[in-house]
Every structure is written in structure tokens, then in C-alpha cells.
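J.: One letter stands for each residue in the lines below.
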Amino acid sequence: MAGARMTTAALSDRQRSWLRRAGPLLLVVVLVVVPLVFPESVNETIARIGVFAVAVLGLNVVMGYAGQVSLGQIFFLGLGAYVTAYGVSNDWNIVVVFVLACLIPAFVGLLVALAAARLGGLAIAMVTVALPIVGVPLAKRLSEFTGGSQGLSARFGDAPEWSGLYDDQWRLYLVLAIGGAVFLLTRNLVRGKYGRVLGIVKKNENVASSVGISPYRYKVLAFTLASLIGGVSGFLYMLVIQYTSPETMSFGHSIQLLAAMVIGGAASIVGSVLGGAYYVLVPQLTNLVDPSLTALLQGAVLLVVLFVLPGGLASLARPLGRGRRSRARHDPAPLITPSATTKSGSAADTPETERQGHP
Amino acid sequence: MATFIQLIVDGLSTGSVYAAIALALVLVHQATGLINFAQGGMAVLAAYSAWWLLSRGVPLVLAISASVLLSFAFGAVVERWLMRRFERGDPDTAVVVTIGLLTLITGVCGWLFTYNNQQFPSLFSLDAVTFLGVSVSQRSIGTTVVIVVVMLLLQALFAGTKLGLALRAVAINPQSAAFSGLPVERLLMVGWGLAAALGAIAGALVAPQLTLTPGMLDNALVYALAAVILGGLSSPIGVVVAAWMIGVLENLAAVYVPLIGYDLKVAVPFILIFVVLVVRPQGLFGRKTVVRV
Amino acid sequence: MSRHFRSRKALVIAVASTLALTFAGCSREGGGDGATGAAASPGITDTTVRLGISTPLSGSTAGPGTCTVAGVKAYFGAKNAAGGVAFGDGKTRTVEIEALDDGYDPQRAKANYDSLKDDVFAMTAGLGTPTNRAWREAAIADEVPQVLVMTGDPLFSDTQESPWQLGFVPIYQNEGEAFGKLLVASGAPHKVAILSQNDDYGAGYVEGFKSAVEGAANIEIVDELTYEATDTSVDAQITQLSASGADVIFNAMSLVPLVVSALQKAQQLNWLPSWFLPSNTSSPGAVVEPGGGAAFPGIYSVSFAKAPASPAFAGDEDVQTYLAALKEHGDYPDAPAFPHCQWSWMVGATLEQAFTTMTEPTRDDFMRALRSIENFEAPLMLPGTAVTTTESGQPAVPTVVVQKYNGKGYDTVESLG
Amino acid sequence: MTLLELEDVTASYGPVQVLDGVSLSVPENGAVGILGANGAGKTTTLRAISATVRTGGRIVFDGEDIRGRRPDKVAALGIAHVPEGRGTFGDLTVRENLRVGAYLRKDRKGIESDIEYCLDLFPNLQDRIRSNASALSGGEQQMLAVGRAIMSKPRLLLLDEASLGLAPTTAKAVYDAIRRLRIESGIAMVVVEQNANLAFTVVDSATVLETGRSVLTGTSAELRGMDEIRRAYLGG
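If you're matching them up, the sequences are chains A, B, C and D in order. In this text, residue positions in the first sequence follow our numbering: the first is 1, and each later residue adds one. In this text, residue positions in the second sequence follow our numbering: the first is 1, and each later residue adds one. In this text, residue positions in the third sequence follow our numbering: the first is 1, and each later residue adds one. In this text, residue positions in the fourth sequence follow our numbering: the first is 1, and each later residue adds one.
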């Protein structure tokens, strides 16, 4: 029994080391080639997936990794989009626009977090609900900057003449480059020291405090970072959709984003991409099946996916990739298990666990 | 002055709509430890089933009673065949499952009954009662009275009865509950069933006012959530008082605080939550508690 | 060709990319040439023409959204069953409708457009301002017609700004203006309270109304409030307005439930002004009757379409043809609860009108044909209204008539009272 | 007269086998300890008895094979489990916790007098009767957990690591109360305990587990006398 487990582990180790060496290179090659080979509509779909993958990634930072329920991530996407639209329509330098589209949402996120994180988990949830709910009428009131309910159009990122590319190809490259950079940075962050600290804060704030970590500071940090990434996704949103209105940041979309994160797989980089793909592709899929049954089909797809894969789509990819990072289940550890391997094996089937107790 | 008092009365009757859903949220949270986003959707489905019975000639009271019973069964079935799979996993996943359920139910209602507005008759007359220059419809009074009765029943259920205690125990710690001989699975089904039945009452109360559509309660859900947090998740009286407070203060702020106005009055409950939670993290009436949304 | 072809300068350094360019070359051709030869635009052949619709079929605007598809589908469904539509180039084509749900989400509307633009000849009939605005610029860049859309946003009827667009329904300003004029013409003094939706829809109505009553000595606007489309109640607004002493309420509200409860609330407060309702929320059966409209001295609305529920049109031939087709071809078995069903039926007729004068199967020629319709009385149109597309700044239906509720349906009126 | 008999019990979490043939016998009114290293299967043995893990073998309680029943049915037979980590109901008050423990009982008067007995057994709880369990100290929570368990008037008490995380004096107070409980009520017990010295203040005999297997069984006196036991579990 134990021997057999060793063999599988060794195999997947070998697989993984191969993937680790060849994987990134392969990925880069694929990403470079993809925009060139696919027709326009596919490129546009991939670009949209990129936009929402980044948005889901931001949500994952605050919720998946730091464990703070956020129901308002779409607000930061909307804010980033508005900043971008305003900057572009006033002919600001696009680099300046991008920096502002990152910094302004990050700053707003910081202010919100400074207040909310002091209150604890529940208040963060409610304050974040308020963001899109209040954000929509606020955007209408600030019509001088936002164009009111008619929204703002801003077309930018057309392919420069020297590139010889189509607009959709050029835009997709931009999305892949910016989005890829954000993913890479975030990945390094959550796999490094910060990621471990966030994990401790998520699991038990008291434990974190007792080892000298300020949960408050890290919650604020995670929230700010999520807002910044949200701002980036807003910039990409404008690049790809070229239009934004108060409707962009409605509460319903925020909830869908949350669903996409969980479906993709919480606290997972791959899951963020899958979540973005889910967010974009499922409406297209339901349109293909029967456009008049959108809600019914979407609800059914969501339930079926989670019923089959409660850990999200990323749990499909997990055995291949970074197999054994055990998911944060609320498992009181029925027995003091001899090794991590046993534990991750047991987590899924533990018959009785304490669902809600003392965190 | 008459306008001022009228605004307060209007706020109370709007608050009663929020309170109806908020009570169902409290019930399911007390009984399962979850915030159920599908609560409003289940109430709408119940209202549609009553509406369908009405259109087949069943008298109103009978149709509503039948929908309450059907909803109890539906809630229990949802728990048994859907939620049970997620009850011991990540609570975030379970919440998203309720979001999926909401989407599905909305879709099913739209498919079966179309997205058109349907008129739903009220148990109470729409005639106004005028008192000291303030008028209020009998429908609002009736709705409020029913909600107060339901609130008191719920309060009594949780505070005083063995069933209420057992439901709460199962939500807090299913394993220890089982060690004490509580039939955990059956109690979870009963909890969902009761919440759904309560939702059916809420649906029948507010459908005449909001007119029946698949998304009828989507907007009210946010207010109900705010009321639940503000009032304290464990206190039925607390959430009803909070819902009324939200309804009243929202109106007053819209009219008398020019900076807020009608467009930003939706910020009022959240400002209220912020202020209250700074002082009392457990909400107005709640006991200190550990909550996961 | 839908897109501007640009010469490919070799920039790409990587070998892999060069290789890929070859693929790209392959995949990029093929699209674009229609079956009828080099000149034909996408989505049209000798026997068929395909139209795309992106509209909300789920979410809070799904009710009217479903109607925008049902009317067009019903219209062309009936035409197809009768053999098809005779085009100006001498060919008879059947009309296919490809409708996608955007859930009133601009981003999804853009996605729908992207997926349809190479398959359909033209986009039409979709409901919503933000959802139509989301891909307006893309449609201009791609030279895809985005015509007879259901938004009163004037931008879509501005030929300069929107060369490939045309709105169908009267711009909001026109509707507000029509009622304002009627009020001014009454000569009697009126105090008006305004309650409008806090968006371009409400603002457009109010703007039109104000421009009509500006300078009129007999009209005084005593109070002006807004509400949000996400509100569950407007009781507070009605209470506040009732204290203003107004005898007329100008109510630019697009949500049926809120209009019903506003009517009920005013009665409860015993405030009985003359009431103005917009064209899309004045349905006799779904709004005025449940709201108890008979209690008010007058419920006024503007319209250009016959209301099928109104007894005056129960025997109308247009109406009967329409209702039968809606059931048979429109996938809409119930009595239409929103006027958008009628409007979209008229969109079908207007499109046919343009098709019959098209001489080439191209999008360019279609736009030319569409922009040269004058005084076309589409089926279901009320006397005094017509489709005219030659006037810049105006949508296909530029005029409305004011009507008054008569207890069952509406009568056209020339004056207040 | 044997109250509980485990014969060759196996258990696994998914593919991982944790118990690989555990045998144990608890006489009526007796108390048996389970000793062993981390991961030896002590907690799982208790979970096997209270049916919260899938098991093989035979588990006979009062002459009946109870293996494979639902946990609440097992509890109804008179087996009360005090889980590791205490498992109190954090959002319920102390009194409510005790009332939940008495869920299966119908005798109102008996319940009230047993609550009094619990408060007498654990006087610390007296002042905290209206507090939420989550507001109690670790020691108080442990006392409440035992109190909750005995409210069901069990015939067998399963006690899992009752001293875990407690200060030595508090742990001793808890075990003093448990010993008193045993003497006064005669409830049979299975005691899992890291601190074997504490366990021996209550139990008559003990079983030593190693990697999911019973390797040694003996009376308290016998085991105390064995060098390897002393080295492994008694701190020298």
C-alpha cells in the first residue's frame, strides 16, 4: 500500500520536473503563436478570458489565499475601466493611464480595507457588498467623469503600423503580456513568504498573532493587492471591450465572479484562468444551446460542475501539476497523521468534520 | 410634519418586505450555518406555485398554504440531494452552490412562467387606513403583523424549544450533535424545509407589492442581507428591527440629506452597518458569534 | 470584406511565429466571400439572409427583451412560410434570425456581436442603451449595420456619429416633449411633479418635457425626484411628491412593478393627479388596470403602436395577423405584456421595406435602402405615426401621439382633459 | 460481564488504512486506557466505536454488533463521545450545551437534576452558566464537553485527549472530576490520553497501539511496571 503510493509519487515527481523545465517555455511558445493562428472571434474570446482571469486572480488573492470574503471585486474592475476610459478619452499617455488604472483602485482598496479589516471577516463581506451596490449610483452621479448611465467608449490599443498585425492580434498580445506578468508576479508572491503568511492568517488569525504576524496588516495588504489586480483587469476590460458603463460593476456580476473563482478552484493560479474561462465561455455555450434558457442552463452547469468537482475545475489539473498542495478544508484532523501524504488522502473522505467551530 | 411621519410609515412597510426575507435567512443560517443566496429564489418559486394554483381556481389561502407545504418539501429535498454534498466542505463552495441554485431556480421560473410580470392577489385589502393625516394600506399593516408573528414564533423556536436548540446545535457542530444522539441529517433537512416554508410565506406576502417575476426578490436580497448582519445573525427580533430601521432611515436620508438623495440612499444600510459593527461586532441584537458567509 | 486588410510586414523574429503566420494566412481567408460572388456581404446568399440580435433574454429586463426577438421572429417566420421576402435585386430570400442573450451586460453584448458579425448580414432589434453602446464603435469600424435597435438614446440616430446605426423607437426626448406640448396647449395652469429613472432614459424624458414647457406661463414644475432601477419601492418619492400640491405627475419610469405600486401608493395618499406614463410602461392590462388607473382624472401616455389588448383594436386585421404569427412563429404563446413585441414586429416590416429596395446584396446598399424610407406605415402603427428614416438626428419612428386611458385601452387625444 | 468488545477492527480514511486489527474489551463499569504514539490510531479507535469512520471487524456493545450504524443511533444506545478538541457548541450557552447533551431524554426533572450534578462536578461552570461556550477557557470547555456527554446518561464514555492544551493543574482538575464521576456513577470509560500518568489515575487497564494494531494489553499496574512503557509514555 505504502509502496504503491511511493511509486505514484515518484512518477509524478518525474513528470513534474519535466514539466517544470519544459513547461514555461512551452507555455510562452503557445502564447506567442496562439494570436497568430486563430481567427478573429477566437482571439477576442481568448482576450476576454484573459480579462476575467485577471479579475478572478485578484479575487483569489483576497479570498482564496487570504480567506477574506469579498463580494465586491467587480467594483475595482469597474473603477480601473473608468480610469482607463477617462484617461484615454482625454488623450493621456497610455502608460500613465495604465499606472493610474492600477494605483487608483489600489488606493481606494487600501482605504476600504483599512476600515473594514479592523472589523473582522463579516464586516469585510458586507463592506465589499456595498462597493458595487453603492458604486453603480455613484458612477451615475459622477457623470462628468463617467458619462453617466450612457457610459464611456474608448478605443485604444489598435495595432501599430510597424507590427503588421491585425488589431485583435495586437490586443491579444497586450492582454497576454500584461495578464501574464500579473499572473507571474502573483504566483511568485503567493508561493513565497507572503503566501505562507496569508495561509496562516486564513487558517487561524489567533495563531498568526501568536507568531508575531499582524493579521490586520496582511488582510489590508491582500485586499489592496486584490484591488490593484482588479484595476489591471479593468484596464484590460477597456482594451478588449472598449466600453464601460455603471452596468459593468453591478452586484450580479460580482457574484458571478465569485462563482467563477470557486468553480475554477479557490487558492489556485490555474484555477483563476479556468475561472476566467468559465465566466466568459459559459454564456457563449448557453447561447449556443438555447439563448432563452440562459439562467436555467448556467445554474445547472454551475451545480453540476461543483457537484462533480467540489474543489473546482483546478482539481482536475492538480494531479498533473503541483499535485499535493492540500486544499484548505476545515478538517479538524481526525487523527494525528504520520505524514502529509496520508492527510491529503484522507481529507476528501473524512466522514465527519466540524463545519463551523472555532477558527 | 405629516410628510415626515408618512415617510416613517412608508419606511416601515418597505422594511417589512426586507424583514420577510431576512427572517428566512436567519432561520437557515441558525439551522445550517450558511448564508443562503437562493432563499429569495425559493420564495419566488413558492409564490409561482401558489400563483399557478390560483390560476387553476384554488382559493388564495389554500393556494398559499399548499405552497408553504410544497416549499417545506422542496427545501428538505434540496438539502438532502444537493447541499449535503457540500455541507462538510469549504463553506465558500457551499455559498456558491446556493448562488447556482438561485440562478437555476430563476431560470426555471422564467422558463415555466415567462419573464413577464404576473399580478399576485393579496390576502389583505389595498384600502388605506388614515390616522392623524398619515395613511397606510391594510396590506402593509397585514404584512407587518404577519411578519411580527413569524418573528415571535422564530424567536420562541430558537430560544425555548428542543427542536430549535437541536437545529442550532447541528449547525454549530454536527459531529458533537451526532455524539449527543441528534439525528443530524434529518435536522438539517428540517432546517432547510422550515426556512423554505418561511420563505414561501414571505413570497406570498411581498408578491402583491413587487409583482411576480423570476427576479422579484433579487434587489430585496441585498437589503435583507444588510438587515441580517445589522440585526445580528442569531436574533429574529434583531433583524426585523434592523430591517425597519433600514427602511425608515433610508427614506429620511433620501429626503432630508441632500448629499445622499434618492440615488445614493442604498448606501444608508451599509453606513449603518459600518457604524454599528464598530461598536458591536455581533450586530444590534446578536450574541457574540463566529460567522462565515 | 468586413475588415480592412493590412499588408503584413515581417516583424516577427521568432521562428515559431513565422511558421504560425502561415497558419494565420490560412485561417484568415475563407471568411468574407459570400456565396453570391465577390460583391456580397457576409450573411447573405441568393436564397437566405441572416440577421443577428443581441438582447437581454435573462435577468431583470428579460421580459421586454424576449419581446424584441419574438416580434421580428414572428414577422419573418410568417413571411418565410409564405415563400420568403422579395428583394430589390430580384431574388427571393428567406430570413433567418440568430438571437443571443446578453443579460443586459455590455461585455456579453460585445461578445455576442463578435461572434455574430461574420455570420450575419445585419444586427437589429436589440434592447438596451449600454448593451448597444458597448459594440457601437466596433460595428462602425467593421462596417456592420446596427439598425432599428430598441433604445431611445439619440446617439444611435445621429448619422454623423453613427453611420452604421439607426435607432427604431422615438428618442426619449421626443416622447417627453409630446406630452409637454399637450400640457402647454391646454392653456390651464398646471403644477407638475416629476419622478424619473436615474439614467439616460429618465433624463431624456425629462429633458424633452422641460424643453417643451420652457417659457410657458401656465406650467410650473414644483418638485423633481429620481429613483434607481434597483429600488424595490418608490413609496417615499410618491409621499414627498404628493406634498408638493402638483396636479400632474410626469412619471418617466421603465419598470412595470414600480409603476403599478406608484399608482397604488398615490391613491392611498388620496393624491389624484393627472398621470403621464412612458410608452413602454403604459400597458393597459399589465400596468394601468392593476394600478387602479381608473381612479385618476387621466392617465396619459405616448405611443405609436396599437395595443392588442385594447378593445378598440380587438377586431383589427393587423392585430389579429400579428397575434396569430406571434403564437405560431414567435415562440410567444401568451398575450404580449410589453409593447416591445409590437415594436419588434414593426422592425420586421421596416427591414422588409428596406430589403425590397436593395439592389445589391451588400451592407452598404442595405444602409442606403434603409435610410431612404419615407412615411412608411408599418403594420400596427397608429394613425398619425409612420416610419421615416431620412431625417438625421431622428430614429426610424420620429413621432408619437399622445393617448389617454379610457378604462380598457387608450384613445388618441388632441388636448388635455 | 463485558460491555464493549472490539475484535480485529480495521478502519480507513479513503485509501489510507489507519486501523489494522484493534482488539479491546471494556467490562461493565470498567475503564480502559488506549496508549500509543501519534498516528497509532487511538482517536480512530474511538471514532470506530462511535461510528464516525468506516470500519471492518466486530464491535459488540451490550451483546449487539453495532458496527455500521449511524453515529446518532450509536449515541442512543448509551455511548457518549467526548471528541478531541472538545467539540462544544460555541454559540450556545453552557446550559444550552448541557440541554443538547440530554436531547434523547424525556424526563424534564431528571435533566434538571443532572445539570445540577454537572455543575457540582465542575464548579467552574456554575458562574458561566449563561455564557457562550466559545467564551470559556480551554479547561472550562473541556469540563463542559464532559458534562455535555454525561447529560445523555451514557453507559460508556469515550474520552479523547481530555488534557490536550491544558495547564497541568487544570488537566489534573479535569481528571479528578472524571475519577469522581467514575466512582459515583459507575459509567464505563475508554480513555485516550497522551499523558499516561493522568490516564492511570482513572483507568484499570490499558491497551497499547502501534501503527493501527493492538500490541500490548495489561492492567495499569502491569503496564506501569514495564520499562518500555515507562520510557515511551510515562516520561522516564
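Just so you know, the hints here were simulated from the structure itself, not pulled from any lab data. One should not assume that every hint holds.
Claimed, not checked - Counterexamples of contact, computed for chain C against chain A with all Cβ distances above 12 Å:
hint, residue
1, Ala70
2, Gly103
3, Pro106
Claimed, not checked - Pair by pair, the computed Cβ-Cβ distance ranges are:
hint, chain 1, residue 1, chain 2, residue 2, range
4, D, Gln194, A, Asn206, 18 to 26 Å
5, B, Ser125, C, Gly215, 43 to 51 Å
6, D, Lys106, C, Pro333, 55 to 63 Å
7, C, Pro311, B, Ser125, 55 to 63 Å
Said to hold, decoys possible - Dumping the calculated EDC-like pairs for lysine to aspartate or glutamate here, alpha-carbon to alpha-carbon at most 16 Å:
hint, chain 1, residue 1, chain 2, residue 2
8, D, Lys153, D, Asp204
9, C, Lys191, C, Glu214
10, C, Lys91, C, Glu360
11, B, Lys162, D, Asp107
12, C, Lys191, C, Glu228
13, D, Lys153, D, Glu116
14, C, Lys181, C, Glu414
15, A, Lys203, B, Glu185
16, C, Lys210, C, Glu224
17, B, Lys162, D, Glu116
18, D, Lys73, B, Glu185
19, C, Lys404, C, Glu289
From the three backbone atoms N, C-alpha and C, an ideal C-beta is built for every residue, glycine too.
J.: All hints are to be evaluated individually against the structure, with a verdict given for each.
T.: Hint by hint, here is what the structure shows:
Taking the minimum C-beta to C-beta distance to chain A, about 10 Å, the non-interface status of C:Ala70 is violated against the 12 Å cut. Not every CB of chain A lies more than 12 Å from the CB of C:Gly103, the least distance being 6 Å, so the non-interface label is violated. Once the 12 Å rule is applied to beta carbons, C:Pro106 is inconsistent with being away from chain A; the minimum gap is 6 Å. Range check, D:Gln194 to A:Asn206: about 22 Å between beta-carbon atoms, so the 18 to 26 Å window is met.
A hinted range of 43 to 51 Å holds for the C-beta pair B:Ser125 and C:Gly215, which are about 46 Å apart. Roughly 57 Å separates the CB atoms of D:Lys106 and C:Pro333, a value that falls within the hinted 55 to 63 Å. The hint said 55 to 63 Å for the Cβ distance between C:Pro311 and B:Ser125, and at roughly 28 Å that hint is violated. In summary, the hint linking D:Lys153 to D:Asp204 is not supported, as the alpha carbons are separated by about 22 Å, beyond the 16 Å threshold.
At most 16 Å may separate the alpha-carbon atoms for a hinted pair to count; C:Lys191 and C:Glu214 meet this at roughly 13 Å. Distance check on the hinted pair: C:Lys91 and C:Glu360 sit about 10 Å apart at the alpha-carbon level, within 16 Å; holds. Straight-line distance between C-alpha atoms of B:Lys162 and D:Asp107 comes to about 13 Å, which keeps the hinted pair within the 16 Å bound. Between C:Lys191 and C:Glu228, the direct Cα distance comes to roughly 24 Å. Violation of the 16 Å bound is thereby established for this hinted pair.
With a C-alpha separation of about 14 Å, the suggested pairing of D:Lys153 with D:Glu116 holds against the 16 Å cut-off. The hinted pair formed by C:Lys181 and C:Glu414 meets the criterion: a straight-line CA distance of about 10 Å does not exceed 16 Å. With a C-alpha separation of about 27 Å, the suggested pair A:Lys203 and B:Glu185 falls outside the 16 Å cut-off, and the hint is violated. For the hint pairing C:Lys210 with C:Glu224, the CA-to-CA distance comes to about 11 Å; that is within 16 Å, so the pair holds.
Restraint check: the Cα-Cα separation between B:Lys162 and D:Glu116 comes to about 19 Å, which exceeds 16 Å; the hinted pair is violated. Between the alpha carbons of D:Lys73 and B:Glu185 the distance comes to roughly 12 Å, so the proposed pair stays at or under 16 Å and holds. Annotation: proposed proximity of C:Lys404 to C:Glu289 holds, straight-line Cα distance about 13 Å (limit 16 Å).
Consistency with the previously given hints fails for numbers 1, 2, 3, 7, 8, 12, 15 and 17, ordered from lowest to highest.
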